[in-house]
Each structure stands twice: as structure tokens, then as C-alpha cells.
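*Asks:* Sequence:
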Amino acid sequence: MSEVKVNKISPRSGTGLQLGDSGDTITIPSGATLVNSGTATGFAAVDWQSTVVTGATHTASANQGIWINTTSNACNLTLPSSPSVGNQLIFSDFLRTWGSNAVTLTLNGSKYQGNTSPAPVYDTAGETVHIVYSGSTQGWIPINDGAVALETPQSYSIDYLVVAGGGSGGSVYNAGGGGAGGYRTSTQSGIAGNTITVTVGDGGAAVSSNSAGNSGSNSSISGTGLTTITSTGGGGGGARNSAGANGGSGGGGSSGESAGAGGSGNTPSTSPSQGNDGGDSSVSAPAYAGGGGGGAGAVGADATSSAAGNGGAGTASSITGSSVTRAGGGGGNAQPGSSAGSGGTGGGGAGNSAESGTGTSGTANTGGGGGGARQNGTSGAGGKGVVILSMPDADYSGTTSGSPSVATGVSGKTVLTFNGSGSYTT
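Residue 135 in the working numbering sits at position 138 of the sequence shown, with consecutive numbering throughout.
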């Protein structure tokens, strides 16, 4: 093998210099050191550091490999400033302790997976993370971090309406109407990648033969990063000398030899309130009559000497793009010749004063209370509840279960209406 000894190689003309030809192997012998005093391109070398990082903070340089030991404390790792395209960084869990003390990245003016916040957190024991700088648009991108998950999940506002199942009316000659299901609406922040579990409560089943009404079932939304919202089922209507049941809205009371008070609404207590009390029944023979079930927007009416109580009105919402009233209370029952109570606006069912008549059921998926009926008839069942979610069109993921109806472009929002239980993944 021939050998050429010189101190400097310069191009004969121009500024370009080539070593060897395509297909050649250029060998750097063991023990030799390459010193880069300029700009090197096309190299992907990572310089693993001999010192293990144990401190609470550490600032990385481009193209480093870093062992991080978080046995004693968590670590905040600051990424290189002013990185260039192709710069890379590898950091690894030295003693498999990141599950107890995590590594949090400070972005130092750059983006991470296209976002500037939140700060990425790595908290999986034994993880090794390899990131490469792609440029100012997307910034640092992990090419290996376990599942290559989105480490900078973005939050957005989700409006919700949660209505529980309504209570059924009672069945006796002075039965109370069923209370509406609890009604709750507000806004929360949804975090991308989390699942919202939706439960839609059933209405209370209809009754006959001198029975108090059944209360409805709860509706709810829950999930990681969310405050769980539970709306309580409406209280069942009372039957002969009994109070209406407590619930989201209370059932109407039923008198006889003694008075029957309306059930309490907003039970258990929430702020803001999810419903109202049922109406009282203090009417003596011969004009027996039951109180109206409470509604989301108003109390159930008390029975009078000539009429049963009307169900309380529901509450309107425009979450679906148009105003819809839901969660009206059920009307009470009265003896023949007296007026039965009407159902409250928003799906409440009317009572029935006929000897063998049937109370009107609450409207399905409004959470309306059912109407009361006489002992030889059948009361109205409570209406099933509903859960509605609304989020910006641009943030809608399209991932659902339970077959909700989907409406897009509602003032720039996508609206999911769950008439049964299911889920939505943000």
C-alpha cells in the first residue's frame, strides 16, 4: 500500500474537494480523532456523554446522547437553543426510574411536534427517546419514544348537556307526577387522545295498582382530564299519603288521609342547580289530586281543590343549533271530574283522571317526567335522558362508540347527540 504524507490537502481549482470515488471506503484508523472546526453535513453521529445526568436540571447540546438518572429527583431537560435541521438528541433512562421521577422537556424557543405547549413529559420506566429537529414548522420530532405518542396534546373547549332519565308518575286516585331528570350544562376542556365515557340514564318504569312511581336513572360524562358530571334521575311521583321521591327534580306528592309533600329537587346538591322540587298535595276528599313533578326550570305546581298540579317547565338549550326545551315535569292525577295536571314544557307527560286511564309518558331523550294515573290505570313512564357534546369542527376526532348522531357545521361546531350510552375520544 502506497502512502502520501502531507500537512494539507487543498483543491486544485474552485472550492470543492473530494476524497475517493463512489463505492470507496474511507477508513479512519482506531485512535484517530476528527476535529470539526466548520460545518459538517450529512453526518448523523451522536456523541454519547460519559457523565450521567443526575441533577434536577440539565441543558443539552445538539447531537448528544445523554444518560439521565432520576433516582433522587425528577429532571428538567432544556433542549438546544437555535437548532439546525438534522440536529438530534437521544436521552435514556439510566436506571429505569422515570416512572417515579419523570423527565420534562423545556423547549427553549423551539416547537415540539408542531406545538409550543404543553411541555412534553416522559414518565415511562426504561424509556429511550430519540428526537430530530425538522425545522421551524414542526420543530423537534420524536422518531423513537416508545409508542411515538403525541407528547404535546392540545386542549379545546367542549360544551356539554347532560340530562338524566325522568321519574314515572304514581298510580292511585291522587298520584303525583314524576320529576324530570337532572339537567346540567357547561363547558370543559378536552385533551386530545382522551376518551369521554357517556352514560345515558333510562326513565323510571310505569306503575299500576296503588304504587308510587319509579325514579329515573342517572346520566353522566367522565374521563381522564375531565370533571365528572352526573345528573340525577328524576324522582318518582308519590302514591297515597306519600311524598314524591327526591331526585334531579322531585316527584309530585300524593295526599289521602294526610298531606303528601313534593320531593326535593337538586338531590344531591349541585351548583348550579340541576332541577326543582315537586308540587305538594294537601287536598282532602272528595277532590283528591296529586302534585306536579318538578322540572329543570320550575317547581311542580301544588294540587288544588279542583285540579292536580301541573308539571314544572323544563329548560331550553341551543347546544344543537336551535333552541330545544327538555326536562319538564309530569302532571299529577286527579279524581274523575277534576282536572289532571298537564306535563311541563320540555317533554313532561300529562296526568290522567279517568278511572282506568293511562298517564302520558315523558318524551324519550328529554328526561321528562311521566304523568300520574288512577289505581285502575297505568302511570306514564319517565322519558329517557340524553347527553350532547359540542366542539369546534376543526378539533372533532371522528372517534365514537354507541352510534351518536353527528351534526357538523353548527356555527363552526360538531354536535354529538347520545340517545344511549357510548363514548367519544378527543
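Hints are computed from structural coordinates only; laboratory data are not their basis. C-beta atoms are modelled at their ideal positions from N, C-alpha and C, and glycine is treated no differently. There may be inaccurate statements among the hints.
Here are the computed distance ranges between Cβ atoms for each label pair [claimed, not checked]:
hint, residue 1, residue 2, range
1, Thr125, Asn70, 36 to 42 Å
2, Val118, Thr22, 19 to 25 Å
3, Gly106, Thr225, 35 to 41 Å
4, Thr225, Ala99, 38 to 44 Å
5, Leu14, Gly395, 32 to 38 Å
6, Pro8, Ser133, 30 to 36 Å
7, Ser78, Ala29, 29 to 35 Å
8, Ser302, Ser418, 43 to 49 Å
9, Gln151, Pro265, 33 to 39 Å
10, Gln135, Ser402, 31 to 37 Å
11, Ala99, Thr184, 26 to 32 Å
12, Thr225, Ser303, 41 to 47 Å
13, Gly395, Ser336, 48 to 54 Å
*Asks:* Give a verdict on every hint.
*Replies:* Going through the hints against the structure:
no.: 1; hint: Thr125 with Asn70: 36 to 42 Å; result: violated, 20 Å
no.: 2; hint: Val118 with Thr22: 19 to 25 Å; result: violated, 44 Å
no.: 3; hint: Gly106 with Thr225: 35 to 41 Å; result: holds, 38 Å
no.: 4; hint: Thr225 with Ala99: 38 to 44 Å; result: violated, 26 Å
no.: 5; hint: Leu14 with Gly395: 32 to 38 Å; result: violated, 55 Å
no.: 6; hint: Pro8 with Ser133: 30 to 36 Å; result: holds, 34 Å
no.: 7; hint: Ser78 with Ala29: 29 to 35 Å; result: holds, 31 Å
no.: 8; hint: Ser302 with Ser418: 43 to 49 Å; result: holds, 44 Å
no.: 9; hint: Gln151 with Pro265: 33 to 39 Å; result: holds, 34 Å
no.: 10; hint: Gln135 with Ser402: 31 to 37 Å; result: holds, 35 Å
no.: 11; hint: Ala99 with Thr184: 26 to 32 Å; result: holds, 30 Å
no.: 12; hint: Thr225 with Ser303: 41 to 47 Å; result: holds, 45 Å
no.: 13; hint: Gly395 with Ser336: 48 to 54 Å; result: holds, 51 Å
In this structure, the earlier hints numbered 1, 2, 4, 5 are contradicted, and the remaining ones agree with it.
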